[in-house]
Amino acid sequence: MSPTIQKRSEKAWASPGKLVYVGEQQKEAVEIAAFHYTETACHETALKTADECRALQREPGITWINIEGLHDTVLMEQIGIQFGLHPLIIEDILNTDQRPKLDDMGDYISVVLKMLDYDEDSGGIVTEQVSLILGDNFLISFQEGRQGDLFDPVRERIRSGKGKIRKMGPDYLAYALIDGIVDNYFAITEKISEKIEEIEEKLLSDPSNETIHAIHHLKLAILHLKKYIWPMREIINALAKGESPLIMESTLIYLRDVYDHIIHAIDTIETTRDMISGMLDIYLSSVSNRMNQVMKVLTVIATIFIPLTFIAGVYGMNFKYMPELDWPWGYPMVMGFMAVAAGVMLLLFKRKNWM
Amino acid sequence: MSPTIQKRSEKAWASPGKLVYVGEQQKEAVEIAAFHYTETACHETALKTADECRALQREPGITWINIEGLHDTVLMEQIGIQFGLHPLIIEDILNTDQRPKLDDMGDYISVVLKMLDYDEDSGGIVTEQVSLILGDNFLISFQEGRQGDLFDPVRERIRSGKGKIRKMGPDYLAYALIDGIVDNYFAITEKISEKIEEIEEKLLSDPSNETIHAIHHLKLAILHLKKYIWPMREIINALAKGESPLIMESTLIYLRDVYDHIIHAIDTIETTRDMISGMLDIYLSSVSNRMNQVMKVLTVIATIFIPLTFIAGVYGMNFKYMPELDWPWGYPMVMGFMAVAAGVMLLLFKRKNWM
Amino acid sequence: MSPTIQKRSEKAWASPGKLVYVGEQQKEAVEIAAFHYTETACHETALKTADECRALQREPGITWINIEGLHDTVLMEQIGIQFGLHPLIIEDILNTDQRPKLDDMGDYISVVLKMLDYDEDSGGIVTEQVSLILGDNFLISFQEGRQGDLFDPVRERIRSGKGKIRKMGPDYLAYALIDGIVDNYFAITEKISEKIEEIEEKLLSDPSNETIHAIHHLKLAILHLKKYIWPMREIINALAKGESPLIMESTLIYLRDVYDHIIHAIDTIETTRDMISGMLDIYLSSVSNRMNQVMKVLTVIATIFIPLTFIAGVYGMNFKYMPELDWPWGYPMVMGFMAVAAGVMLLLFKRKNWM
Amino acid sequence: MSPTIQKRSEKAWASPGKLVYVGEQQKEAVEIAAFHYTETACHETALKTADECRALQREPGITWINIEGLHDTVLMEQIGIQFGLHPLIIEDILNTDQRPKLDDMGDYISVVLKMLDYDEDSGGIVTEQVSLILGDNFLISFQEGRQGDLFDPVRERIRSGKGKIRKMGPDYLAYALIDGIVDNYFAITEKISEKIEEIEEKLLSDPSNETIHAIHHLKLAILHLKKYIWPMREIINALAKGESPLIMESTLIYLRDVYDHIIHAIDTIETTRDMISGMLDIYLSSVSNRMNQVMKVLTVIATIFIPLTFIAGVYGMNFKYMPELDWPWGYPMVMGFMAVAAGVMLLLFKRKNWM
Amino acid sequence: MSPTIQKRSEKAWASPGKLVYVGEQQKEAVEIAAFHYTETACHETALKTADECRALQREPGITWINIEGLHDTVLMEQIGIQFGLHPLIIEDILNTDQRPKLDDMGDYISVVLKMLDYDEDSGGIVTEQVSLILGDNFLISFQEGRQGDLFDPVRERIRSGKGKIRKMGPDYLAYALIDGIVDNYFAITEKISEKIEEIEEKLLSDPSNETIHAIHHLKLAILHLKKYIWPMREIINALAKGESPLIMESTLIYLRDVYDHIIHAIDTIETTRDMISGMLDIYLSSVSNRMNQVMKVLTVIATIFIPLTFIAGVYGMNFKYMPELDWPWGYPMVMGFMAVAAGVMLLLFKRKNWM
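Chains as they are written, first to last, in my numbering: chain A, 1 to 355; chain B, 1 to 355; chain C, 1 to 355; chain D, 1 to 355; chain E, 1 to 355.
Bound conformation, chain A alone (with noise of 0.2 Å):
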């Protein structure tokens, strides 16, 4: 049994709440950064405890807490209490084998997403779990640190205060963090899209055992993507139907773009999936094919030399009564016949086309 199932298992009955981190430790230390900015100004700290974290909160202006390392379940714990958040939702945070999910508790809302990358060697999706707490005039993000720290272009920009990151709420910086990841899945089908062409041409050209293992590789990676995508469709959804308070107006036509995204990462991976299975009918056509010329150059060989071996054995019987034998011109005509029958058989073949 492998040490997830048995996290899990003891999961199952435990009382609802219980803090149990599911993944595997990425960091030795956790690190909070804090981002503390309104329009004008803008400075960054490295915090400590979830007192400090609430402290800078609670000062006017946006404060962006960015978690990275979830395996501190204390101080987990500790920033829910602070934060008033349900137990469920730092239970979610937490529990990495998640589904996407969205929860509008009202003062705040919390996102669970999933960062992901194609690992082209071992042909498999990588997963990092980003959770977003969304409140009034906070956010925080938590990351599992497998990745490093994916946030950098969005801290460029409110460092730089140019574009409108600066101007507009947490709700755009949630909306930012959000579009980033949900903009990196299409790296992922390109490159997706670029082993397909790969495999396509092997496929042309010399088709093997490895192909088909290829394919099934990239399936498996298709149906992983789908399963952590297709979610997230709903969430940004719920997200852009603008029903909470806590997203202005003026946001939702950003996450309305997002939405498209989604529903276009969704529709080249339906198509990428129908190209897969298509490669895989062509590669069972040609292993088929293969066989069939096989088996045609041995049965030309095998029709046209087994009667004329017959021949050759007829001759070669010792009867004492055989009148051919004696003929001057015995062999040569028995090879003349041969000759004939051997160019008929080939004249038919070609014919049938089999040559």
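Worth flagging that the hints you see were computed from the coordinates, not collected in a lab.
Hints should not be assumed to be uniformly reliable.
Pairs of lysine-lysine residues, derived as BS3-like cross-links and limited to a Cα-Cα distance of at most 27 Å, are as follows [stated by the list, open to error]:
{"#": "1", "chain 1": "D", "residue 1": "195", "chain 2": "D", "residue 2": "167"}
{"#": "2", "chain 1": "E", "residue 1": "101", "chain 2": "A", "residue 2": "191"}
{"#": "3", "chain 1": "E", "residue 1": "195", "chain 2": "A", "residue 2": "227"}
{"#": "4", "chain 1": "D", "residue 1": "227", "chain 2": "E", "residue 2": "48"}
{"#": "5", "chain 1": "A", "residue 1": "226", "chain 2": "B", "residue 2": "27"}
Computed footprint of chain A on chain B; a stretch qualifies when at least three of its residues, placed anywhere within it, have a C-beta under 8 Å from a C-beta of chain A [said to hold, decoys possible]:
{"#": "6", "region": "253-263"}
{"#": "7", "region": "284-296"}
{"#": "8", "region": "307-318"}
For every residue, glycine included, the Cβ atom is placed at its ideal position computed from N, Cα and C.
Dock chains B, C, D and E against chain A, hints included.
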């Protein structure tokens, strides 16, 4: 005709509400274990009759009556009468060949669930029906008793008084039981995932006729899982909508959490299903491939040696006038020619990539 | 052209409402059996004409008229006129090549159902159309009479006065009949399940061409089941919604129960369908496998003996100058070489796992 | 490029409302047959111009104008102007490469339908577009004229005055025409069912390459049927909802009846489709099976005789020192050994069930 | 990594609203062609800057600005500012790797469409993005410029003043452009249908490995068509609902007509898809069939001649004591026996229908 079919056939035209236990008797005697608790106190008793159950429930506090073993139809009828349950509800509890279902009867809610297990030896899904009757201050749970008593962890939590379980109503208790049952599904999907990995390795190393049967059994297991888990989705969704006054607002978020788990389980099953059908494709294509290999060996051998044998046959003929036979270099020349012919053949096969 | 096609073609442009019985006549004479009952009393009569039916229905109490045999279109028309039924309703009752359907006409509800049976010999589904007309104080049921009278168990319950049947209205009586018909579907699915197990065993032990035809017939049976049972779902759902005043509130829970049964039957059929398509996969792969086996035997034999035969052929040539032929150890050396070559081949095949 | 493609390509950027008849001209001259009837009287006339049509419609009573042949675009435009039809409606009537559609324009309803036929020789579906314009006191029907006039049975009913047709409005007349067209679909599904039975028999007795093409043609026919009949469902459903004041309440039950027929036809087509795909599976598996048989024969023969031939070859070698050759019992012993070897082989094959 | 992937990856975390043209530059300079028309007058001009566009639009009458070439992001930004377009709208226009979409921004409607073409040589679908901005008195259309200017037929209609186009608003103009684009889809489906017929003929006469690749390419083309055309359905449906005041009531019927065309195109594509998958089945079964044929020839030849060769081999043995060899009739008897054996074999094969 199997005995189950006979039972069902007899039931077909029977008066509705007539009580028949469809399953096999699992225990010698029905066991009734009752919990009676308030936020501060908790005591357990073993009861015998329906009257005792009813008496206990009338006292202030929350009553949880757990009934293990369903074969005593008289007792079941008495419980139905004492708690004012509709005869059809009791019928559903006894009919273990039942789809998971929910009946909101106003005064009480009846839920029929399936506790599932994956039997790794037979590769099949084992089911046990668990039914819950949720009233305003009581919960009655019914188990078949096949897998022993499953609710011990919940009992522990009540006894210890830790967590929220004693502070909340019978609806939270019902949630706790349902949550345990649903979380258990993940253990099954993970066992199946392990099985799939095992089979995939065999597919790569040595696909045999047993592999295909293992795949087929997995497929059947997935089919049965699906059959039992899909209806759970509707049931828990209906509970989580909070339309019944028997379910308090504070419990709803927990039920929504279970709902997310069910959806996650369903997603996983769907993915697993697609993986299994992919394995079938691999199996078939690797069988084809191996046949191809066998055919190539046969063809190479036959194509090289059949013509050579023919030549040997020609010079084995007994014609009197075969001048080559008398040439001193006849034998080495023929042997040389054969060697050249075989070499050319081998070269052709190398090019065709058949060797 | 079959007679049924001719009948349908004639009907195509016929005036709507023109009465034609599409099926075959099953009985010599139509039998009309009437029940008239109140909570306290119950008497049965055999009627002859539509007028008698109408007279009986006018008396206080509940009237159940059961008509067996549909070929007497004049009688049918009379009944339509006496009970004020729309001509299309009567047409539907007579058209046994009819999809199950429900028509709520305000004053009365018309339900057309299918009584099904699985003929284990032919492997096909046998259907009998059962139609019900539910009024405020009467129920008329129509049977084709193919399978004999099916409603005896319900009659017994009316006669004995046990259960709720005499206490409730004609809607409950309609429910009792529908429930019997639907419960019968499970008998079919169970017979099919047994058949599947039988075929699966054959698949494992000795798959033959008959197996594939058995699978195909099962598939057809499932297709027909589906065709008849799917529409039942909508019909019973519509009844269970309780929008008609003809159906009393207390009957609704019973109808919802039947609805659950239908859903259960549909689930089972879906699962069965997937199982059957899985059996097909197994069949095809085991045929491939056996072909593989056959090919391997051929290849092993041919690959060992064809080269040896060639060597024997070489030393059977009649060249004058073949020094080996004169060596005293020539024969044993050649035989030894052959033995070694064969041994090496066998070893190679063992390694390739072909033997 | 086929002429139809050219016509369509020209249409692509043409001004909407420009009238082009896409189909082939079927008749030399357009025939306009008018019926004018009330409950008591009915007279028929043959008209020539759109003005005459309009004049007839203005008189009290119900007017049915049937136009056979669509190539005269000037006449069509005139009719559009006289009856106040939108240019797009006329365009749709002329565009016979049109999906069945319904337009409720307030003053009138336009319905475009497909009369279908199954051509048993070519195995294809033949279509003829029938369009209806339903006004408050008139109905105009348009036919391509391919299959002759199809509405004669309805005309007979009007002439004879039997049934309800003269007592009701033009909506009932429209229903009568639609009902005839829809009922005709069953004739097609039944012809296809007969074809399927025919092919199934062949599948059992002697599956050949023609069988697979027959299956493929059936599949295509079903695809085309589906394409034309599916949209009919929405159309008739929209009509049967009774949202237009042009359709009287008493006609609605008849339209609902047609709707049920369409659903039935769709069900049948779906079932047929599944049956056909089942036949394909059988075909493929029986081809595999026969290949298996052929391979077994080859293997049995080769496995028995190749080793024997080798032994004969050995004793045909010309070595000087082969002691066996001089044994008096050498020949019978070798022959005996061969017989035993062949016998053992045969026994093995019997056991493996290859013979 | 291809340049497109790089572009997308750079975009992934970029600030939303940052303008990047994803496609390839098609033209040297952007061309802006403006139409300004009322019911009575119409004049055309070529513009250079966004200011000129805006100035023209401010004059009374309807302005249509067509922009060909999207690489000049500065100009695009200026146009966005002049006409008050949201930055995301401009971003969508430039992102040609975009799903067809509709944004109703209140003041204006933005529609992104795909002009498609089927490249018969490569067998692929060529796309060009066309975007429309519909305001209350203006329409701006954006083309990539890949396929030359496509809107000439519409320009002709404006210049000539025929038809309704000058009498109606910019919404009708937008409709005219969309209608042209959609009608073009039928040209594609018809080209594909011709291709299918071509391939089907080949399937019947001479199925080769190229056939399977042609089928695969068709399948991919259909997949891409589907990807682009499916979203069009929602877009045009949304337009045809008439919820925007920018679209006049009289235009709605035209939009509904386009909607019907899209549905028709989708139906056709679905049917085509099913036809292609049917062709694959035929291909596979005819490959199997031909393999069967080849095997039969091999088996017949081998089964006849291998035993005969064995017999010849027997009488080629050099045993001293083989009495048959000395019989005067030995040779003819053996030859006769061989002829009989071969004849019997041939008869058997005839019966088995293998010849």
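Status of each hint after checking the structure:
As the CA atoms of residue 195 of chain D and residue 167 of chain D are separated by approximately 42 Å, the hinted pair breaks the 27 Å bound. A C-alpha spacing of about 25 Å is found between residue 101 of chain E and residue 191 of chain A, which places the hinted pair at or below 27 Å, so the restraint holds. For the given pair, residue 195 of chain E sits about 37 Å from residue 227 of chain A by alpha-carbon distance, which is inconsistent with the 27 Å threshold. For a cut-off of 27 Å, the pair hint linking residue 227 of chain D to residue 48 of chain E is broken: about 49 Å separates their Cα positions.
Annotation: proposed proximity of residue 226 of chain A to residue 27 of chain B is violated, straight-line Cα distance about 45 Å (limit 27 Å). Requiring three or more residues with a Cβ within less than 8 Å of a Cβ of chain A, the coverage given for the region 253-263 of chain B holds, as 6 such residues are present. Given as covered by chain A, the region 284-296 of chain B passes the check, having 9 residues with a CB less than 8 Å from a CB of that chain where 3 are the minimum. Figure legend: the region 307-318 of chain B, annotated as covered by chain A; annotation consistent (8 residues with Cβ-Cβ distances under 8 Å, at least 3 required).
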